[in-house]
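**Student:** Work the whole structure out from these sequences, hints included.
Number of protein chains: 2
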Amino acid sequence: MDLSERIVAGEPRALARAISYVEDERDGFEDLLDHLDDRIGRARRIGITGPPGAGKSTLTAALTRHYLQQSLTVGIIAVDPTSPFTGGALLGDRIRMNELASEEGVFIRSMASRGSLGGLSTTTREASDLMDAAGYDRIVIETLGVGQSELDIASSADTTAVVLVPESGDGVQAMKAGLMEVADLFVVNKADRPGADRLEKELAIIMSVRADTTAPASKDGWRIPILQTIGLEESGIEELANGLDNHFNWLNESGLLEPRRAECRLRRAHDALLRRTKRDAEKVWRTAPSIEESIEESPYSIAQRLYDKWKGGDRS
Amino acid sequence: MDLSERIVAGEPRALARAISYVEDERDGFEDLLDHLDDRIGRARRIGITGPPGAGKSTLTAALTRHYLQQSLTVGIIAVDPTSPFTGGALLGDRIRMNELASEEGVFIRSMASRGSLGGLSTTTREASDLMDAAGYDRIVIETLGVGQSELDIASSADTTAVVLVPESGDGVQAMKAGLMEVADLFVVNKADRPGADRLEKELAIIMSVRADTTAPASKDGWRIPILQTIGLEESGIEELANGLDNHFNWLNESGLLEPRRAECRLRRAHDALLRRTKRDAEKVWRTAPSIEESIEESPYSIAQRLYDKWKGGDRS
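Going down the list, the sequences are from chains A and B.
Everything in the first sequence is counted per the numbering used here, starting at 245 for the first residue and increasing by one.
Everything in the second sequence is counted per the numbering used here, starting at 245 for the first residue and increasing by one.
It is possible that part of the hints are untrue.
For chains that are exact copies, the list does not tell them apart, and a pair is met inside one copy or across any two.
[Said to hold, decoys possible] Here are the simulated BS3-like cross-link-like pairs (lysine-lysine), alpha carbons at most 27 Å apart as the crow flies:
hint	residue 1	residue 2
1	527	553
2	445	527
3	553	522
4	445	553
5	445	555
Just so you know, the hints here were simulated from the structure itself, not pulled from any lab data.
**Tutor:** Here it is, written out as structure tokens:
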């Protein structure tokens with residue numbers, strides 16, 4: 245069997261290797277993605293985002309266990325540098341994650357594609373595609389909810405849950421950080437701590453205020469729910485899973501799912517085109533002067549010279 | 245006088261317009277930067293970064309007033325979405341900023357270059373170059389210290405101060421967020437609050453631990469100082485300014501400043517080359533199919549087709 249057949253057959257090692265190919269932009273990785281294109285679209289993609297320390301990984305783990313109990317398989321992509329999935333975490337957290345990783349029906353991958361030509365959001369989307377093709381029912385993408393590129397990743401999911409905790413500041417801060425724009429669902433995690441009810445009320449007020457303005461408190465008519473969870477005690481997880489399902493079902497029934505996904509597909513074509521031209525540019529860059537040689541020439545003159553060289557036909 | 249002459253003459257409106265040209269990638273903006281190239285290199289560039297709510301803007305403002313008292317002019321670039329400079333702030337903060345903006349010798353610019361081809365870090369660097377050419381003595385770049393691209397911006401300065409507060413979590417969290425890598429200087433702000441001394445001690449411990457490993461606690465032999473400030477009371481600001489100067493002087497005297505800046509210049513050439521090829525790719529993308537037309541074709545097939553078209557010579 246070739247790699248794509250092994251992925252479709254659900255072989256975890258084939259999937260892991262394919263994701264590495266995508267991350268490394270190994271020769272033929274786009275052919276592989278192209279080949280699997282008609283296998284993509286079955287999984288539901290869920291973004292989990294929020295500030296550091298909001299308990300995103302604990303929630304992701306709890307949600308994953310919930311799905312497993314329902315006989316659903318789960319692929320997890322962690323792009324959060326503070327996540328135990330990616331290594332930046334306390335020992336206890338990491339032990340729990342390792343336990344999860346050994347469960348049947350769970351596939352965990354952490355992404356760190358600094359230096360990848362396509363950028364982290366493109367690579368993450370393609371890794372999700374591969375998990376989708378491999379037959380995982382739910383794909384959970386955990387990202388830190390600060391920084392535009394991180395938010396872009398979270399919002400490329402079908403449904404995005406924004407996780408906040410009483411300690412992470414008030415709702416106004418979440419709004420400022422751009423979290424409001426990506427939320428299909430709010431989760432007030434660590435809801436047993438002081439301030440949880442107050443945070444929930446603040447979020448509700450902010451959203452009702454925004455409903456009166458041009459900005460949508462609901463997206464296309466979807467009323468954004470606010471849920472309370474205690475991730476460590478797995479409390480509120482069923483409600484969270486239901487909330488995620490509700491949003492997905494609403495997307496589907498309102499006829500918004502297909503156009504949204506079609507838009508996302510076209511976006512992939514755009515990103516793939518840009519990645520290719522970038523690869524060409526990086527190839528020309530290899531002929532750039534050294535730091536010492538470059539002192540006398542202005543940066544824009546160097547760029548112009550290399551651009552002309554590339555445009556002149558050296559595009560092997 | 246043409247625009248570049250007016251910039252060099254220190255006309256704020258000319259500078260503001262030039263930065264807009266760069267942000268919009270208006271025709272000829274690279275010629276302008278090229279033209280000003282030999283005017284660049286006099287200013288000291290200071291990055292101020294840290295988590296949301298650390299008081300970066302208040303410190304930036306206090307530092308700016310300190311410089312003004314020393315008859316130094318200051319250009320401020322705010323790329324932090326939670327900064328009052330960029331609008332996402334409490335009313336009181338914003339009033340203070342507006343006062344600062346009206347001072348002689350201060351130039352404030354907020355950057356929000358979503359969608360710019362060069363990316364936020366490139367545009368920020370070029371805006372700094374323009375401020376440098378305009379004769380500002382200090383250029384303070386305030387960015388949110390979460391997310392890789394934000395950290396890239398902060399670390400493109402000559403000297404980067406990482407601002408933490410007792411509430412923003414412990415030193416371990418800062419380390420995980422990548423803040424340790426960019427810090428030339430740590431600032432424990434809001435030092436009158438409980439936990440400030442503990443945070444300072446934690447940072448000191450973490451850095452001493454790292455000194456024993458391969459990771460540098462000091463960068464190239466620079467011992468990273470930890471300072472305490474109370475931004476709102478302007479306490480510790482002189483020490484901060486001295487700390488920043490000490491680092492710059494150390495860079496200069498150790499012979500590291502010039503090679504670092506030369507590397508940064510060459511990086512600009514690289515970024516300019518990539519921006520140009522990206523512009524070409526975006527031009528070809530305008531001939532992409534609509535979402536409806538694209539349904540039947542795989543994203544990679546669309547990308548291939550457009551790439552071939554572009555490679556085939558349609559590079560007008």
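**Student:** Compare the structure with each hint and give your call.
**Tutor:** Hint by hint, here is what the structure shows:
1. Taking the closest pair of Cα atoms, residue 527 and residue 553 come within 27 Å of each other both inside a single copy (11 Å) and across two copies (19 Å).
2. In this homomeric assembly, residue 445 and residue 527 never come within 27 Å of each other (Cα to Cα): the closest approach is 54 Å inside a single copy and 47 Å across copies.
3. Within a single copy, residue 553 and residue 522 get their C-alpha atoms as close as 15 Å, and across copies as close as 16 Å, so both meet the 27 Å cut-off.
4. For the homomeric pair residue 445 and residue 553, neither the shortest alpha-carbon distance inside one copy (60 Å) nor that between copies (54 Å) is at most 27 Å.
5. For the identical chains of this complex, residue 445 and residue 555 are neighbours neither inside a copy (58 Å) nor across copies (56 Å), given an alpha-carbon limit of 27 Å.
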